[in-house]
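Q: Note that the protein sequences, when read in sequence, are chains Y and H. Residue 9 is where the first sequence starts when you use the working numbering, and the numbers rise one by one after that. Residue 127 is where the second sequence starts when you use the working numbering, and the numbers rise one by one after that.
One or more of the hints may lead you astray.
[What the hints assert, rightly or not] On the chain Y side, residues computed to face chain H include the following (Cβ under 8 Å): (1) P15; (2) G36; (3) F41; (4) A47; (5) A50; (6) L101; (7) G103; (8) L107; (9) K111.
[To be verified] Taking lysine-lysine and the DSSO-like style, the derived pairs with C-alpha atoms no more than 30 Å apart in a straight line are: (10) Y/K89 with H/K133; (11) Y/K111 with H/K133; (12) Y/K111 with H/K191.
Worth flagging that the hints you see were computed from the coordinates, not collected in a lab. Note that beta-carbon positions come from the ideal geometry of N, C-alpha and C, so glycine has one too.
What follows is each chain in one-letter form.
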Amino acid sequence: GQNIDQPTEMTATEGAIVQINCTYQTSGFNGLFWYQQHAGEAPTFLSYNVLDGLEEKGRFSSFLSRSKGYSYLLLKELQMKDSASYLCAVRALSGNTPLVFGKGTRLSVIA
Amino acid sequence: SAVISQKPSRDICQRGTSLTIQCQVDSQVTMMFWYRQQPGQSLTLIATANQGSEATYESGFVIDKFPISRPNLTFSTLTVSNLSPEDSSIYLCSVTGVADTEAFFGQGTRLTVV
Numbered sequence: 009g010q011n012i013d014q015p016t017e018m019t020a021t022e023g024a025i026v027q028i029n030c031t032y033q034t035s036g037f038n039g040l041f042w043y044q045q046h047a048g049e050a051p052t053f054l055s056y057n058v059l060d061g062l063e064e065k066g067r068f069s070s071f072l073s074r075s076k077g078y079s080y081l082l083l084k085e086l087q088m089k090d091s092a093s094y095l096c097a098v099r100a101l102s103g104n105t106p107l108v109f110g111k112g113t114r115l116s117v118i119a
Numbered sequence: 127s128a129v130i131s132q133k134p135s136r137d138i139c140q141r142g143t144s145l146t147i148q149c150q151v152d153s154q155v156t157m158m159f160w161y162r163q164q165p166g167q168s169l170t171l172i173a174t175a176n177q178g179s180e181a182t183y184e185s186g187f188v189i190d191k192f193p194i195s196r197p198n199l200t201f202s203t204l205t206v207s208n209l210s211p212e213d214s215s216i217y218l219c220s221v222t223g224v225a226d227t228e229a230f231f232g233q234g235t236r237l238t239v240v
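Model the full structure from these sequences, guided by the hints.
A: Here it is, written out as structure tokens:
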């Protein structure tokens with residue numbers, strides 16, 4: 009089976025740094041994705057990792073350790089608009105195949 | 127990147143009726159994926175739509191309830207049939223980017239069944 013775990017909720021302060029963790033157990037691995045989803049909207053792509061290490065993209069970074077089945081999304085210089093759900097998803101099969109999603113982490117940024 | 131136009135963006139439907147959701151992609155894609163997101167939950171794959179063949183459904187989803195059409199490489203529809211309040215969800219279509227390093231979503235259809 010496929011299992012992706014991430015915390016349900018997190019709260020962080022504006023201007024701070026927050027790390028959202030994701031662990032996965034899937035039948036295969038061909039990439040890990042992070043999405044941001046504001047309430048009532050579709051998910052927006054944030055990052056993709058397929059090799060171990062850190063991928064940095066502006067205020068957002070994503071890390072992957074395949075041997076540990078572990079990823080995190082790091083958000084720096086938090087802004088109020090970063091309040092959203094963050095979804096971790098794994099592509100278990102190669103090629104043009106669907107993603108398996110975690111339940112999402114609802115992040116609240118407070119002043 | 128791929129741009130997906132999904133409609134309707136929202137609808138309120140009566141029990142027992144059906145709703146058809148359309149997704150149009152601005153480029154040709156082999157596979158299109160349909161997901162459901164129930165309130166407060168994450169995305170669950172309903173089926174994979176491949177042009178020229180029947181859709182492949184995930185466990186718990188059947189063709190009679192969720193018929194899918196895929197007439198060409200840029201378009202697909204998902205119908206949610208015989209609606210009940212439990213079908214109230216957001217439905218999303220998705221495609222993979224050319225390099226498989228991205229997956230794009232339509233704007234979503236928020237369905238409320240009354």
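Q: For each hint, tell me whether it holds in the structure or not.
A: So, going through the hints one by one against the coordinates:
Interface hint at Y/P15: violated, since its Cβ lies 13 Å from the closest Cβ of chain H, which is beyond the 8 Å cut-off. Of the supplied interface hints, the one on Y/G36 is violated, with its beta-carbon coming no nearer than about 14 Å to a beta-carbon of chain H, more than 8 Å. A distance limit of 8 Å between C-beta atoms decides the matter here; for Y/F41 the minimum to chain H is near 6 Å, and the interface restraint holds. Because the smallest distance between the Cβ of Y/A47 and any Cβ of chain H comes to about 10 Å, over 8 Å, the interface hint for this residue is violated.
Proximity of Y/A50 to chain H holds as hinted, the smallest CB-CB distance being about 4 Å (cut-off 8 Å). Hint on Y/L101 is violated. Least Cβ distance to chain H is approximately 11 Å, over the 8 Å limit. With its C-beta approaching chain H no nearer than about 7 Å, Y/G103 sits inside the 8 Å limit, and its interface hint holds. With a cut of 8 Å, the hint placing Y/L107 at the interface with chain H holds, because the nearest CB-to-CB distance is about 6 Å.
Because the closest C-beta pair between Y/K111 and chain H is about 4 Å apart, less than 8 Å, the hint holds. Our distance criterion of 30 Å between C-alpha atoms is met by Y/K89 and H/K133, whose separation comes to about 26 Å. For the given pair, Y/K111 sits about 25 Å from H/K133 by alpha-carbon distance, which is consistent with the 30 Å threshold. With a C-alpha separation of about 24 Å, the suggested pair Y/K111 and H/K191 falls inside the 30 Å cut-off, and the hint holds.
Of the numbered hints given earlier, the model fails hints 1, 2, 4, 6; all others are met.
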